[in-house]
Amino acid sequence: SAVISQKPSRDICQRGTSLTIQCQVDSQVTMMFWYRQQPGQSLTLIATANQGSEATYESGFVIDKFPISRPNLTFSTLTVSNMSPEDSSIYLCSVDGQSEPFYGYTFGSGTRLTVV
Amino acid sequence: QKEVEQNSGPLSVPEGAIASLNCTYSDRGSQSFFWYRQYSGKSPELIMFIYSNGDKEDGRFTAQLNKASQYVSLLIRDSQPSDSATYLCAVNEDNFNKFYFGSGTKLNVKP
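In the order they appear, the protein sequences are chains A and B. For the record, in the first sequence the residue sitting at position 31 is 31 according to the working numbering, with numbers rising by one throughout. For the record, in the second sequence the residue sitting at position 102 is 102 according to the working numbering, with numbers rising by one throughout.
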């Protein structure tokens, strides 16, 4: 199955600044997904990133706050912009596990963000 | 977002017992259903998936799906302390493009 390298694994950032999170996959994948997991809560889909097109954002998430890049089929970035303490969460990228038959989606190890 | 409901727990079971985790979903058009296990501070890992009504067994794990009742469950037989984690139910649309997660059930298996 696909292996995802996500970095940074954690960061502590000042409010008002931005952080870019990177996900690198060891195989080509059509779609990459970005999730947020706030403390003690489940995963919420932020957006779906396709190579060569604009990301598709879920309700409550906007491009100005969470710009996403998808320059090729193995890489994507999520930027958390103009951060506030409410952005403190774990951010995860996810891809199709790339197994046959389909066996679900694989997650990166996550980025634990603390905004102070 | 679509609703996926789970009892947050914690669910406590003794070692060796059967743990039963339940999940209901709101979108009748959902096609596939997944159970993820998440240890504290770690990312989710897939345990089981099920597409068809009925039971699906994999080792100590059995997933059960009832689309008419919009209900999916996970049974863990011979529970072990290492099974202590949060279990997330995930549902996705028929194009496999989006997952919607429940809030998770925290399972504690007591030695």
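Hints are computed from structural coordinates only; laboratory data are not their basis. Honestly, I wouldn't trust all of these hints.
[What the hints assert, rightly or not] Chain A regions said to be covered by chain B (calculated; three or more residues, Cβ under 8 Å):
| # | segment |
| --- | --- |
| 1 | 8-14 |
| 2 | 41-51 |
[Unchecked claim] FRET-style restraints, in silico, Cβ to Cβ:
| # | chain 1 | residue 1 | chain 2 | residue 2 | range |
| --- | --- | --- | --- | --- | --- |
| 3 | A | D11 | B | S40 | 18 to 26 Å |
| 4 | A | I63 | B | P111 | 20 to 28 Å |
| 5 | B | K67 | A | P8 | 24 to 32 Å |
This structure is a prediction, so every number in the text was calculated from the model and none was measured. Just so it is clear, CB atoms sit at the ideal spot from N, CA and C, and this is done for glycine as well.
Cross-check of the supplied hints:
Taking a C-beta to C-beta cut-off of 8 Å, the segment 8-14 of chain A contributes 0 residues in contact with chain B, too few for the three needed, and the coverage statement is violated. Requiring three or more residues with a Cβ within less than 8 Å of a Cβ of chain B, the coverage given for the segment 41-51 of chain A holds, as 6 such residues are present. The given range of 18 to 26 Å is respected by A:D11 and B:S40, whose C-beta atoms sit roughly 19 Å from each other. Between A:I63 and B:P111 the C-beta distance comes to about 49 Å, which lies outside the given range of 20 to 28 Å.
Taking the beta carbon of each, B:K67 and A:P8 are about 41 Å apart, not inside 24 to 32 Å as hinted.
Of the numbered hints given earlier, the model fails hints 1, 4, 5; all others are met.
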